[in-house]
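A.B. asks: First to last, the protein sequences are chains E and Y. Going by UniProt numbering, the residue at position 189 of the first sequence is 189; the numbering climbs one at a time, nothing skipped. Going by UniProt numbering, the residue at position 24 of the second sequence is 24; the numbering climbs one at a time, nothing skipped.
Honestly, the hints are just simulated from the structure, not real lab data. Please note: incorrect hints may appear among the correct ones.
[Said to hold, decoys possible] Label pairs and their in silico Cβ distance ranges:
(1) Y:GLU73 / E:ARG217: 30 to 36 angstroms
(2) E:GLY211 / Y:GLU113: 40 to 46 angstroms
(3) E:LEU133 / Y:GLU227: 23 to 29 angstroms
Idealized CB from N, CA, C, for every residue including glycine.
2 protein chains.
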Amino acid sequence: MTDSSPNRPVIILVEPQLAENIGMTARAMGNFGLDALRIVNPKGGWPMKGVRETASSATHVLDGTTVFPTVPEALADLHYVLATTARERGQMKRVFGPDEGMAEAAGRLAAGEKVGILFGRERVGLSNDEVSLADAIVTFPVDPDHASLNLAQSVLLMGYEWRRAAGRAVLPFAGAMRSGPAPREALISLFESLESDLDAAGYYPPAKRDGMIRNMRDMFHRMAMTEQDVRTFRGALRALARRPPEE
Amino acid sequence: MTDSSPNRPVIILVEPQLAENIGMTARAMGNFGLDALRIVNPKGGWPMKGVRETASSATHVLDGTTVFPTVPEALADLHYVLATTARERGQMKRVFGPDEGMAEAAGRLAAGEKVGILFGRERVGLSNDEVSLADAIVTFPVDPDHASLNLAQSVLLMGYEWRRAAGRAVLPFAGAMRSGPAPREALISLFESLESDLDAAGYYPPAKRDGMIRNMRDMFHRMAMTEQDVRTFRGALRALARRPPEE
Numbered sequence: 001m002t003d004s005s006p007n008r009p010v011i012i013l014v015e016p017q018l019a020e021n022i023g024m025t026a027r028a029m030g031n032f033g034l035d036a037l038r039i040v041n042p043k044g045g046w047p048m049k050g051v052r053e054t055a056s057s058a059t060h061v062l063d064g065t066t067v068f069p070t071v072p073e074a075l076a077d078l079h080y081v082l083a084t085t086a087r088e089r090g091q092m093k094r095v096f097g098p099d100e101g102m103a104e105a106a107g108r109l110a111a112g113e114k115v116g117i118l119f120g121r122e123r124v125g126l127s128n129d130e131v132s133l134a135d136a137i138v139t140f141p142v143d144p145d146h147a148s149l150n151l152a153q154s155v156l157l158m159g160y161e162w163r164r165a166a167g168r169a170v171l172p173f174a175g176a177m178r179s180g181p182a183p184r185e186a187l188i189s190l191f192e193s194l195e196s197d198l199d200a201a202g203y204y205p206p207a208k209r210d211g212m213i214r215n216m217r218d219m220f221h222r223m224a225m226t227e228q229d230v231r232t233f234r235g236a237l238r239a240l241a242r243r244p245p246e247e
Numbered sequence: 001m002t003d004s005s006p007n008r009p010v011i012i013l014v015e016p017q018l019a020e021n022i023g024m025t026a027r028a029m030g031n032f033g034l035d036a037l038r039i040v041n042p043k044g045g046w047p048m049k050g051v052r053e054t055a056s057s058a059t060h061v062l063d064g065t066t067v068f069p070t071v072p073e074a075l076a077d078l079h080y081v082l083a084t085t086a087r088e089r090g091q092m093k094r095v096f097g098p099d100e101g102m103a104e105a106a107g108r109l110a111a112g113e114k115v116g117i118l119f120g121r122e123r124v125g126l127s128n129d130e131v132s133l134a135d136a137i138v139t140f141p142v143d144p145d146h147a148s149l150n151l152a153q154s155v156l157l158m159g160y161e162w163r164r165a166a167g168r169a170v171l172p173f174a175g176a177m178r179s180g181p182a183p184r185e186a187l188i189s190l191f192e193s194l195e196s197d198l199d200a201a202g203y204y205p206p207a208k209r210d211g212m213i214r215n216m217r218d219m220f221h222r223m224a225m226t227e228q229d230v231r232t233f234r235g236a237l238r239a240l241a242r243r244p245p246e247e
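Using the sequences and the hints, build the whole thing.
C.D. replies: Spelled out as structure tokens, the structure:
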């Protein structure tokens, strides 16, 4: 079995009906770095018309998809299986949210086990017998009054949580400060310039001056100014000081 | 402004084009208990044909949707705003993943602040000016080679993470053991019955007997048997013992 990429869970769809759900599943997998898709007994056979169009750039997932006639065959080589269900099944199984479930999966994948996640049919989900082939259940923490997630959304959430659990939730970019935080000396110098200009403008009522100065300095502290910010602000102050007084 | 329900973030869509994206957004909001939707300058006006059909049971979100001509007006009453972007914007802003961003938002909501999350146009996202109206950026930890999430999926992930951050990620059901863990006495009694039956069946090669017994006991320990499990197993053993020997 070549699709069980080391350290990544396999996504298994049981008798999916709609081509767009399969395409959107592939796309959701691609979003979070999953590429192993197995389909059990797809309605209408495989390849299925309409799947590629909804897979966006994730056609590599479709190209590697393997199809099985039954669930036991699709699970045969796996060591740990999670079954996603919306309804309680009366089985004495561990029930995880996506975060706990994928943390469990990530640990086993890291130990070299092959892990699969079962997703059921659009309308009726998984049968109780199919659930009994899994080690544990994953269910989603949805509002019970508005609980219906579509297939691709369920796959998306599990993919997202896998990426987090596996420590791969790297953001494509980070916030970058263009220059480092300003040294205190620059800040103090700015305070003194600003306060001197405001004094000259008669801004502070004498009884309130000290309190207002402290409050304004606090605002600047909360700004967490960089050296560039201080330079920018000082330039603005100088421009204001040079401007002819308003009539 | 009546839509800023206490303690829940407002979802703001900027110039969304497709009715189904708005409907699917409302549905994703409903899944995770969000109900405050604001739309800035929807293409083709509001109400928009085709939205209700894709909203599933979340029509309450659509009924409460408010529409604004500009982004500043949509943000006016909010105290903290996150902007979702896929691309780096060259602004000196904090960049969060969905989990950090919603943890930040949950803290502020708990403190009584109104929080909003901005989502951009399907094709071009948010403008840099619109991003500059936000406190921080949220971006998704997607695989850079397959980075495109649709609008409703972005809303879904933020809704999921809000629910987790706000401590509301309650699963609709939990795993339930029908009876408590078996007391050691019951386990030991089971071991003795099983080992006695296997001895009588000549199962153990003498040189390996002790090791095999220990290994099998270990399997049963890993089963974490309940009292019911022990009873079930003992009943199966008795049935096997009563069965006539095979020819």
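A.B. asks: None of the hints should be skipped; say for each whether it holds.
C.D. replies: Structure-based check of all given hints:
Between GLU73 of chain Y and ARG217 of chain E the Cβ separation comes to about 33 angstroms, which falls inside the hinted range of 30 to 36 angstroms. Take GLY211 of chain E and GLU113 of chain Y: their Cβ atoms lie about 25 angstroms apart, and the range 40 to 46 angstroms is violated. Between LEU133 of chain E and GLU227 of chain Y the Cβ separation comes to about 25 angstroms, which falls inside the hinted range of 23 to 29 angstroms.
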